[in-house]
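K.L.:
Make a model of the complete structure from these sequences and hints.
As they're listed, the protein sequences go chains A and B. Read in order, the letters of the first sequence are residues 1 to 108 in our numbering. Read in order, the letters of the second sequence are residues 109 to 735 in our numbering.
Bear in mind the hints are in silico, worked out from the structure with no lab data behind them. A quick note: this is a predicted structure, and the numbers were derived from the prediction, not measured. Not one of these hints is a red herring.
Derived coverage of chain A by chain B (criterion: at least 3 residues anywhere in the stretch with Cβ under 8 Å from a Cβ of chain B; other residues may be distant): (1) 47-61; (2) 65-76; (3) 80-89.
Straight-line alpha carbon distances no greater than 20 Å define the calculated EDC-like cross-link-like pairs of lysine to aspartate or glutamate that follow: (4) B/Lys280 <-> B/Glu258; (5) B/Lys470 <-> A/Glu49; (6) B/Lys286 <-> B/Asp205; (7) B/Lys554 <-> A/Asp84; (8) B/Lys470 <-> B/Glu155; (9) B/Lys280 <-> B/Glu165; (10) B/Lys227 <-> B/Glu298; (11) B/Lys316 <-> A/Glu61; (12) B/Lys271 <-> B/Asp557; (13) B/Lys280 <-> B/Asp251; (14) B/Lys698 <-> B/Asp468; (15) B/Lys316 <-> A/Asp84; (16) B/Lys316 <-> B/Glu258; (17) B/Lys227 <-> B/Glu253; (18) B/Lys316 <-> A/Asp83; (19) B/Lys227 <-> B/Asp192; (20) B/Lys316 <-> A/Glu64; (21) B/Lys271 <-> B/Glu158.
From the derived model, a few chain B residues whose C-beta atoms are all more than 10 Å from chain A: (22) Thr163; (23) Gly196; (24) Glu201; (25) Gly230; (26) Val396; (27) Ile500; (28) Ala504; (29) Phe517; (30) Gly577; (31) Ala600.
Ideal placement from N, C-alpha and C gives every residue a C-beta, glycine not left out.
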Amino acid sequence: MHDMLAKPIEAAADAAVRRLSQARPGDAGVIVDVRAESHPGDHGLGVEELQRRLLEFGFVEGAEIEVLHEGAIRRDPIAVRIDDMRVALRRRDAEDVWVRFSQRGPRR
Amino acid sequence: MNAATNVLAATARVALVGNPNSGKTALFNALTGSRQKVANYAGVTVERKEGHLKTSEGRLLSVLDLPGTYSLRARSPDEEVTRDAVLGRLAGEQTPDVLVCVADATNLRLVLRLILELKAVGRPMVLALNMYDIAQRQGLRIDLEGLQRELGCPIVTTVATRKRGVDELIAKVEETAKAGAAAGENTWREPSAAEIRQAHREAQRILKTYVRPPERPDTLTGRIDAVLLHPVAGLAILLGLLFLMFQAVFTWAAPAQDLIDTAFQGLGALVAANLPAGPLTSFLTDGVISGVGSVLVFLPQILVLFLFILLLEDFGYMARAAFLMDRIMGGAGLHGRAFIPLLSSFACAIPGVMATRVIDNKRDRLTTILVAPLMTCSARIPVYTLIISAFIPDRAVAGVLNLQGLVMFGLYAAGIFSALAISFLTRRLFWRGAVEPFLMELPTYKLPDPENVLRNLYLRAQIFITRAGRIIFPLTILIWFLSTFPGPPPGATDPAIDYSFAGRLGHLLQPLLAPIGFNWQMTVALIPGFAAREVAVAALGTVYAVGATDSAPGMLASTLAGQWSIATGLAFLAWYVFAPQCVSTLGVVKRETNSWRWPLVMLAYMTGLAYVASFVTYRLAVAAGLG
Chain A
1 MHDMLAKPIE AAADAAVRRL SQARPGDAGV IVDVRAESHP GDHGLGVEEL
51 QRRLLEFGFV EGAEIEVLHE GAIRRDPIAV RIDDMRVALR RRDAEDVWVR
101 FSQRGPRR
Chain B
109 MNAATNVLAA TARVALVGNP NSGKTALFNA LTGSRQKVAN YAGVTVERKE
159 GHLKTSEGRL LSVLDLPGTY SLRARSPDEE VTRDAVLGRL AGEQTPDVLV
209 CVADATNLRL VLRLILELKA VGRPMVLALN MYDIAQRQGL RIDLEGLQRE
259 LGCPIVTTVA TRKRGVDELI AKVEETAKAG AAAGENTWRE PSAAEIRQAH
309 REAQRILKTY VRPPERPDTL TGRIDAVLLH PVAGLAILLG LLFLMFQAVF
359 TWAAPAQDLI DTAFQGLGAL VAANLPAGPL TSFLTDGVIS GVGSVLVFLP
409 QILVLFLFIL LLEDFGYMAR AAFLMDRIMG GAGLHGRAFI PLLSSFACAI
459 PGVMATRVID NKRDRLTTIL VAPLMTCSAR IPVYTLIISA FIPDRAVAGV
509 LNLQGLVMFG LYAAGIFSAL AISFLTRRLF WRGAVEPFLM ELPTYKLPDP
559 ENVLRNLYLR AQIFITRAGR IIFPLTILIW FLSTFPGPPP GATDPAIDYS
609 FAGRLGHLLQ PLLAPIGFNW QMTVALIPGF AAREVAVAAL GTVYAVGATD
659 SAPGMLASTL AGQWSIATGL AFLAWYVFAP QCVSTLGVVK RETNSWRWPL
709 VMLAYMTGLA YVASFVTYRL AVAAGLG
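P.N.:
So this is what it looks like as structure tokens:
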């Protein structure tokens with residue numbers, strides 16, 4: 001089962017694990033954790049619901065992810081490939097998705 | 109046993125369920141052809157699409173096309189309908205006998221999770237693996253036998269756009285229906301985060317066991333996206349597309365609109381020439397014929413606009429456009445998908461309001477509907493042109509710009525700016541904190557299927573004529589009645605409208621509008637102008653007894669220039685930027701929101717805005733010595 005306690009420690013120890021919201025096009029890796037903690041009360045529907053929606057869209061531990069594109073204004077939103085489908089989301093909605101990045105895109 | 113129960117026993121209810129972009133609607137069209145009916149579900153604005161077909165054994169299948177969803181955990185009114193229909197707890201709907209789950213064969217991961225949820229409902233189910241030709245072309249191998257065993261439901265491979273596999277699907281559905289509705293126990297409940305994770309793992313296991321990844325995966329979508337989602341090139345292409353669309357709505361529709369206009373005028377003249385003058389003839393010509401004409405004249409623009417929308421949607425571009433526009437629209441609290449409806453509203457708010465259906469979230473959609481009429485629609489142009497030519501001198505500004513053109517641009521800008529400001533304020537004041545997440549699948553690009561596009565276009569036209577016509581037409585008749593009765597007394601010298609209810613109402617309201625510089629003639633002209641904005645031009649011609657305004661617009665302009673002060677002219681322009689002078693729009697908003705509440709809110713806030721804007725404009729102009 002998913003272990004809620006072990007993950008943050010592991011994440012903190014691993015420098016390659018970062019939030020999806022900070023990723024740039026070309027960055028790729030594997031999702032290690034999908035949490036429900038950022039900006040409680042700020043989302044129209046609560047963090048628990050956002051977490052479930054992310055999970056339903058395939059943002060689930062173990063899924064391969066690659067950032068493909070980003071918007072023109074403040075690099076937002078982003079388009080990602082999860083396994084074999086493409087999904088667009090805002091960076092603020094991607095904060096609770098933690099990814100162990102294995103590939104770094106070109107920085108312009 | 110009588111005939112009625114016989115038919116009932118032979119009818120099976122089938123519901124199509126599936127992810128968005130799975131080709132569900134194409135399959136629905138392939139199954140039912142033209143035997144379709146579109147209505148609303150009881151009490152909600154969600155579209156209910158039902159079709160019928162007869163199997164070779166003579167059984168009648170009634171097929172329901174449910175809104176696309178990723179899970180039974182409903183997140184929008186559309187998805188609630190799907191959930192409740194599947195669970196058999198939707199008011200006024202019977203539980204489906206057979207569920208047909210439509211899956212994109214090239215994108216099985218998410219639909220497998222939905223299938224697991226559907227299995228918990230315990231209804232008999234058939235899985236349609238759609239777009240199977242694309243899967244084969246990619247070299248994707250699916251162990252159909254094994255998957256069938258694993259999922260415990262029959263599988264049929266289909267290519268909806270080519271009508272392949274449709275007969276097999278019908279046969280399987282019939283077989284399943286005949287086997288008796290041995291519905292199992294419904295064990296479905298809303299899954300927790302842990303349960304969703306568990307279901308994903310299960311889906312992953314099934315996928316690994318029975319599906320071999322494609323040998324030639326689709327790379328086209330990635331290559332097209334590299335251009336269409338490029339921060340600079342992508343936006344430039346989007347703007348180019350929007351420009352093309354805007355142009356097309358104006359220019360392609362214009363000849364057809366002129367034709368409809370001329371035809372109805374001709375018909376009116378024909379009736380007038382062959383019937384004795386009197387209330388009945390007036391009712392037929394000015395009421396019925398011009399009323400029907402005023403509804404139908406919007407049809408060409410609606411068709412052109414929806415042709416673009418349907419093509420872009422089927423191609424897979426709409427999600428990309430929403431991606432590109434999200435941040436820009438988001439600054440004003442609007443959803444990325446709101447830009448198409450708002451853009452459409454430059455042609456006419458009616459197709460614009462209808463196009464808000466692409467926005468899932470109810471609040472996002474309502475905000476968009478509320479501000480759509482602030483966009484400068486084409487019906488305002490005759491009014492703007494008349495007043496500008498009467499009051500704004502035709503002279504150059506800063507060498508190259510024309511003052512009249514600048515004022516016209518300013519009026520458009522005022523509309524856009526106020527729409528953004530109103531949606532921003534609505535978000536801040538009324539629906540605070542309700543920022544919905546923006547999570548959207550970017551589907552693979554596909555060539556639109558012409559037959560599907562045409563069928564959906566026909567459906568849009570049908571919906572507009574039947575539903576909007578039911579509201580727009582009676583309101584037009586009402587306005588005709590108000591501006592015709594009672595007729596002028598014998599020997600009257602003033603224009604006939606002056607003696608009518610509209611005229612009296614105009615005189616009654618005049619003190620209210622005096623502070624914003626409107627005289628009674630203007631107030632009277634505003635009332636028939638509620639039928640459609642451009643009618644105000646003709647109405648002004650009537651009250652100033654200029655007559656034949658179409659042949660002599662210059663004469664009306666010079667009459668107005670002689671009668672009104674510049675301040676009054678400017679106040680009238682300001683009024684027209686904001687005023688909800690269009691019953692058709694209000695009628696469509698009533699239709700689309702299923703309640704009188706939102707058209708009334710719209711009427712109130714836009715009238716208030718118009719009054720304040722005209723007041724400020726008038727007072728400033730008077731203070732500047734233009735009174």
